[in-house]
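Asks: Counted from 1, the sequence shown has number 68 at position 68 by the UniProt record's numbering; the numbering is strictly sequential.
Treat the hints as calculated values from the structure; they're not laboratory data. Incorrect hints may have been included.
Said to hold, decoys possible - As a list, the in silico DSS-like pairs of lysine-lysine whose alpha-carbon atoms are at most 30 Å apart:
#1 Lys88 <-> Lys120
#2 Lys102 <-> Lys131
#3 Lys102 <-> Lys120
#4 Lys88 <-> Lys131
#5 Lys120 <-> Lys131
#6 Lys102 <-> Lys88
#7 Lys88 <-> Lys141
#8 Lys141 <-> Lys131
#9 Lys141 <-> Lys102
#10 Lys120 <-> Lys141
What the hints assert, rightly or not - Label pairs and their in silico Cβ distance ranges:
#11 Ala41 <-> His64: 44 to 54 Å
#12 Met140 <-> Met51: 26 to 36 Å
#13 Met51 <-> Lys120: 36 to 46 Å
#14 Arg104 <-> Gln72: 36 to 46 Å
#15 Tyr53 <-> Gln99: 27 to 37 Å
By construction, the Cβ of each residue, glycine as well, lies at the ideal position given by its N, Cα and C atoms.
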Amino acid sequence: MNYHLNPQEQQQQPQQHQQQQPPQHLQIPSPAGEARHDDDAPLAEFLASLMDYTPTIPDELVEHYLSRSGFQCPDLRLTRLVAVAAQKFIAEVASDALQHCKARQSTIIKDKRDKQQKEKRLVLTMDDLSKALREYGVNMKHQEYFADNPSTGPDAASREE
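Given only the sequences and the hints, what does the whole structure look like? Please build it.
Replies: Here it is, written out as structure tokens:
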């Protein structure tokens with residue numbers, strides 16, 4: 001069977017199979033990046049501002065750890081973006097560790113109400129830091145120090161005999 005369409009039917013057939021285009025705000029940009037959205041403007045401004053910003057963490061240090069993890073990118077803006085993200089993470093962890101430290105020392109002060117409150121300085125410990133890091137999913141095991149080991153100390157000699 002061989003079907004032949006007359007010219008009028010040939011014009012109608014492609015129209016039947018055409019897909020409707022999604023609205024402009026729902027279209028996916030082409031890989032070449034030809035279509036730009038209004039949402040891209042703040043991102044472009046932020047990336048441009050990274051060139052003028054000098055982060056606390058040096059670019060060389062960030063590049064070292066990025067290359068050590070197998071990531072290489074010649075774009076300095078991306079390196080600085082990672083530096084800003086790392087700086088934010090460190091600041092949040094330090095702030096949370098400070099809150100743990102304050103909570104720990106406030107319970108010590110309540111226990112020792114008889115003694116005068118001479119020292120008001122805060123002492124940040126590894127326990128405070130490890131509790132703060134645990135909230136972010138980082139489990140930190142710190143080394144036991146010689147004095148922390150239960151097998152050492154004044155009673156250790158009596159245990160060995």
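Asks: Now tell me if each hint is right for this structure.
Replies: Hint by hint, here is what the structure shows:
Straight-line distance between C-alpha atoms of Lys88 and Lys120 comes to about 28 Å, which keeps the hinted pair within the 30 Å bound. For the hint linking Lys102 to Lys131, the alpha-carbon distance of about 13 Å falls within 30 Å, and the restraint holds. Between Lys102 and Lys120 the alpha-carbon distance is near 10 Å, which keeps this suggested pair within the 30 Å criterion. Under the criterion of a C-alpha separation no larger than 30 Å, the hint pairing Lys88 with Lys131 is consistent with the structure, at around 18 Å.
As the CA atoms of Lys120 and Lys131 are separated by approximately 22 Å, the hinted pair is consistent with the 30 Å bound. Taken as a hint, the Lys102 and Lys88 pair is honoured in the structure, with Cα atoms around 21 Å apart against an allowance of 30 Å. For the suggested pair Lys88 and Lys141, the alpha carbons sit about 23 Å apart, so the restraint of at most 30 Å is met. Proximity of Lys141 to Lys131 is assessed by CA-CA distance (about 11 Å); at most 30 Å being required, the pair is judged to hold.
With a CA separation close to 22 Å, the supplied pair Lys141 and Lys102 stays within the 30 Å bound. With a C-alpha separation of about 29 Å, the suggested pairing of Lys120 with Lys141 holds against the 30 Å cut-off. In this structure the hint that Ala41 and His64 lie 44 to 54 Å apart at CB is violated, the actual value being about 33 Å. Judged by the Cβ atoms, the range 26 to 36 Å given for Met140 and Met51 holds: they are separated by roughly 35 Å.
A hinted range of 36 to 46 Å for the beta carbons of Met51 and Lys120 is consistent with their spacing of about 43 Å. A hinted range of 36 to 46 Å holds for the C-beta pair Arg104 and Gln72, which are about 43 Å apart. In this structure the hint that Tyr53 and Gln99 lie 27 to 37 Å apart at CB holds, the actual value being about 28 Å.
When held up to the earlier numbered hints, the structure conflicts with hint 11 and nothing else.
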